[in-house]
Amino acid sequence: MPEPRLISSYLAVLAAQLPASIVEELADGLTETHRSYLRQGLAPDLAARSAVAEFGEPQVIVAGFARVNPARRAARRLLGIGPAVGACWIAVLLTSRSWAVPLPARVLAGATLAAVIALLATSALGRRYRLAARTGAAGFLGIIALDASLIASVALAGVPLTWVLAVAMAASAARIGYAARSLRPALAG
Amino acid sequence: MRAEELKGHLDAMLLAALEGGPQHGYAVIEALRQSTGGRLDLPTGTIYPALRRLEQAGLITGSWSVVAGRRRREYRLTPAGDRALSGGRADWQDFSAMVTAALEGRPCPSPA
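First to last, the sequence lines map onto chains A and B. Those letters in the first sequence? Residues 1 to 189, per our numbering, in order. Those letters in the second sequence? Residues 190 to 301, per our numbering, in order.
So here's chain A without its partners, still in its complex pose (with noise of 0.2 Å):
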């Protein structure tokens, strides 16, 4: 049985702005909301405008998905335990005389970070659901390479192993690990 026009429509609505996935669910359920009116004896457009009338603006629902999006959780953990892994690596600054960052290099990761903020709020406050998983997967991709240069720097500058420095390490490889994780829902998306 073809699909109406009236359910394609609604389908493509849904379709530009959210995962595939979730489309292919909603359409499911649709399809069935309409088949069960067809079943009531309405005829196949009545039945397709009480179907799609019977599941709601498509604005709601998508607003719906976009409040229980991976991407934009992960987006607010992270931007949640920034300042205490931010404030490890200062500390290892401030402690340790043998890591001398040079100045292109502090305003590079300085500009990197402030990207990777706004990247994250956006993601975090996004109400649209796309744009909160792509600039998630951008913003953990940043934390990723933020972290590693950190790690890779004290690293090769030879930074004598403290407790600071330690706990530092710990938290970045700890941020990489969950930023790599959140990677793949929020490419899904």
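Read the hints as simulated data drawn from the structure, not as lab findings. Since the model is a prediction, treat every value here as computed from it, not as a measurement. Treat each hint with caution, since some may be false.
[As the list claims (entries may be wrong)] Only some residues are given here: those of chain B computed to face chain A with a beta carbon under 7 Å: (1) P238; (2) R260; (3) R262.
[Unchecked claim] A few chain A positions that, by computed beta-carbon distances, are all more than 12 Å from chain B: (4) A20; (5) I22; (6) L26; (7) G64; (8) F65; (9) V68; (10) G80; (11) V107; (12) G110; (13) L125; (14) R128; (15) S153.
All residues carry an ideal CB built from backbone N, CA and C; glycine is no exception.
Once you've looked at the hints, dock chain B against the given chain A.
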């Protein structure tokens, strides 16, 4: 019943709909309609994000199958979901007893 009246209770209702075994989204909605005598007035589409939220919380787990050429996502309760459902039922009974007592002007029974 409107969506705002369900706040805080929808999760337990969704878990209860899955207590009998795995269900796909539309079947969950139908189960809720039947169990509430058709009084549940929620846009059907809003149930799906709620199911994803429960899945992210580890209370249900979803898996894909193919039915009549369409991909279908089915959900089932996890052990954590089972415990959350028991907790939700107990919370509701306490809440319901408290509100009933307040509305009818009689002493509230002690929680079980």
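Results for each hint:
1. P238: At about 3 Å, which falls below the 7 Å cut-off, the nearest Cβ of chain A leaves the hint on B:P238 intact, so it holds.
2. R260: 5 Å, holds
3. R262: Given a least distance of 5 Å, the restraint on B:R262 holds.
4. A20: 10 Å, violated
5. I22: Violated, because the least Cβ-Cβ distance between A:I22 and chain B comes to about 7 Å, which does not exceed 12 Å.
6. L26: 6 Å, violated
7. G64: 3 Å, violated
8. F65: 5 Å, violated
9. V68: 5 Å, violated
10. G80: 17 Å, holds
11. V107: Holds, because the least Cβ-Cβ distance between A:V107 and chain B comes to about 39 Å, which exceeds 12 Å.
12. G110: Holds, because the least Cβ-Cβ distance between A:G110 and chain B comes to about 34 Å, which exceeds 12 Å.
13. L125: 18 Å, holds
14. R128: The assertion about A:R128 holds, with a minimum of 15 Å to chain B.
15. S153: The claim holds: A:S153 sits with its nearest Cβ about 35 Å from chain B, beyond 12 Å.
In summary, the structure is inconsistent with hints 4, 5, 6, 7, 8, 9 from the numbered list given earlier, while agreeing with the others.
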